[in-house]
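Protein sequence lines, in the order shown, are assigned to chains A and B. Positions 1 to 370 (the numbering used here) are the ones given, in order, by the first sequence. Positions 371 to 736 (the numbering used here) are the ones given, in order, by the second sequence.
Check each hint, because a few of them may be wrong.
To be verified - Below 25 Å or equal to it, Euclidean Cα-Cα: the simulated BS3-like pairs (lysine-lysine) are:
1) Lys588/B - Lys187/A
2) Lys240/A - Lys473/B
3) Lys240/A - Lys513/B
4) Lys338/A - Lys588/B
5) Lys338/A - Lys691/B
To be clear, the hints were calculated from the coordinates, so they are not data collected in a lab. Here the structure is a predicted model, which is why all the values come from computation and not from measurement.
What follows is the residue order along each chain.
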Amino acid sequence: MIQLAYRNIFQSKIRLLISTGGVALSLMLILSLDAIFTGVERQITAYIDNSQADIFVSQVGVKNMHMASSSLPAEVEIQLKAVTGVKSVTPILYLSNVIVIGEERHLAYIIGLPENASVGKPPSIVKGNILPGPGQAVIDRRVAEASGVSLGDEVEILGETFIISGLSEGLSSLVNSIGFISIIDFKEMRSRQDIVSFFLIEIEEGDKREAISKTIENEVENVSVQTTEEFSLQERQVVKDMGTDIITIMNLVGFSIGLAVLSLTIYTAIFSRRAEYGVLKAMGASNMQLYRAVVYQALISVSLSFLLGWFFTLLLSIITPQLGYDLQLIISQGSFFKVLAAALIIGGLSALLPVRQISSLDPAIVFRGK
Amino acid sequence: MQIALKNLLQEKTRLALAVGGIALAVMLILLLNGFLIGMNLQITSYLDNSPGSIIIAQNGVQNLLGATSLLPPGIAIEAYQVEGVIKVVPILSQFVILDLHDKKQPAYLIGYKPDYGGGPWKLAEGRLPKSDTEIVFDNVLAKDHQIKISDLVEILGQEFSVVGLSQGTTSWMTSFFFITKGAAEKLLLIPEATSFLLITPSEDISIFSIQDDLAELKGVDALLKTTVAQNDLNLFAKIFSGPLRLMVAISFFIGALIVGLIIYTMTIERQQEYGVLKAVGAKNINLYKIVISQALIAGGAGTILGVIFSYLVSSIIMVMKPQFLIVYYPLTIIWAIFGGLVMAIVGAFIPAWIVSNLSPAEVFRK
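Bound conformation, chain A alone (with noise of 0.2 Å):
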């Protein structure tokens, strides 16, 4: 019965080329958008993952930064220097803005950063220095590129003009990129001297990281402590959490679609083999026996297709970034066995037609030359 599956399947190339490619489709339809969902979380993250900080200190309330306000007085740094096991205590500005070149702007998270930040750098500096001196930016290369600036040129941040002194890699997203000033300007764009958003903090044994953060929070009042590896969690459900409802939505329709592709695919093949199907019926063969052989082909077929479907899927993400998006595609192991689930559901359900219509399949209808 695989056999006669596999070469029903196989027999006319361009309805599987049609076919498979549909079902193909739909299924790239639910893994594209949890790859743009996956690769968003995972830039949104590049920052904290890449900070070299073992602790976040942050304002109580604030459990990351995308889309958060963080306000702590100057001298929690005091207290925090104080902790033992703490190596180094690094205080950020940070706030959303934008990135003004010529006539384009370009949206941006601004993090002004002390003169001698052991942690919380660019963790990826393309051309020029790694830290901004005063009147300084270093501003991610492909806004940059984008822009046709390089290092020496001018940029506008917070309505200031500042001269770009190195380029950064790894940090732009779909939604924004990083910029980095000295947190002397920062201090004196927002007026404000005794405020930073978050110390970044570096222990002495690594191992220690949630030993520490407890006693930060035990001695530290009105903070939020959180070891970088929970901060960065936080950071990515909240693109978890707005995403969830339209990625449902979509998921619903794509799996939807790939269903009436895929049963119309198997119906007519089946349809068009009717009279087979009833010499093999009065040849004696059980209903069960053909409900295997409509069974394989859906499988076989949604198979072909999940693969095609993957494949389309790892083609985009290669592509996506060549054609100048900052758009990263990753496909989680959730994702794809998710869609490998819902693929062999789609194979089941696409099946039931076809059954109804070869149990109902009269075995004399050969006879009659229909």
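With chain A fixed as given, assemble chain B onto it according to the hints.
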């Protein structure tokens, strides 16, 4: 046309599956567009409903939602002294992430002075905040999280008592909530801070002349409210247009493939009849017409059904998830219909090619 119709109607289940598939693809395109239009309307809801027609922002800031703005101290008084300015409404605003029932919910905080305006424009329930410990929460968000009047909600570690529920202040991305400006200053640890000034100009003087005068003030940009709204829209359009276009393109190809599949199968099944027609003198153009008519009928039916599906599905989505606003403009529908027909024509390409290459002698060989 009659042959095309008969061909299609001969196997109704197959036609139903094909029309259903096309309908789903068209529905997806419409839903995505409707969702984007709705989101655009929601994004500018605060600007559309707040007082004034000129916005003063920190120098370099040209968005309300995209960037944090902090105005120089004393700017409200300076703005009020500009000729032609009749009202100045200061607000302190900031995105915050709320933790509601273990779900992270981005929300846009508006700190405003209840005596000046700039707060919620429509209350579904309750009243405006009177003290620094009171809050007006978005009614959809409140319903989602079973928050009622007089409940306590925690914002950045501080508890606020819900005194009102606002209407029209939600979107899937973010919802607005309102507290007094004093409370916002304490919450963000920036006393006397102001993010934006909402300026109501006199009707006696040109708005552009007032805007120019306001732009002269040190450290600020003066923008028409419509410009700020457009900047917010552009910003979000830039973020969402890539993935959206991708989804629409995939849906389009799926639709075209479905049409292709059904018309291809029908053409193959009737290859002999087409051969006979050719043998008795039918020209390729006549056969093309049959193939294309089939495609257009299936595509047209699928598209119309897709439009109906989209209205139904969007109504269900909006009832179940009121934070989603899905809006269809007539032009979007026209584009969807056009897209559906283009899908049909693209889908008919391979069958038409088969018909054109068909040898009339084939029928006699079989």
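Evaluation of the provided hints:
With a C-alpha separation of about 18 Å, the suggested pairing of Lys588/B with Lys187/A holds against the 25 Å cut-off. Straight-line distance between C-alpha atoms of Lys240/A and Lys473/B comes to about 9 Å, which keeps the hinted pair within the 25 Å bound. A distance of roughly 21 Å separates the Cα atoms of Lys240/A and Lys513/B; the hinted pair therefore holds under the 25 Å criterion. Taking the CA atoms of Lys338/A and Lys588/B, the gap is near 56 Å; set against the 25 Å cutoff, the hint is violated.
At most 25 Å may separate the alpha-carbon atoms for a hinted pair to count; Lys338/A and Lys691/B meet this at roughly 23 Å.
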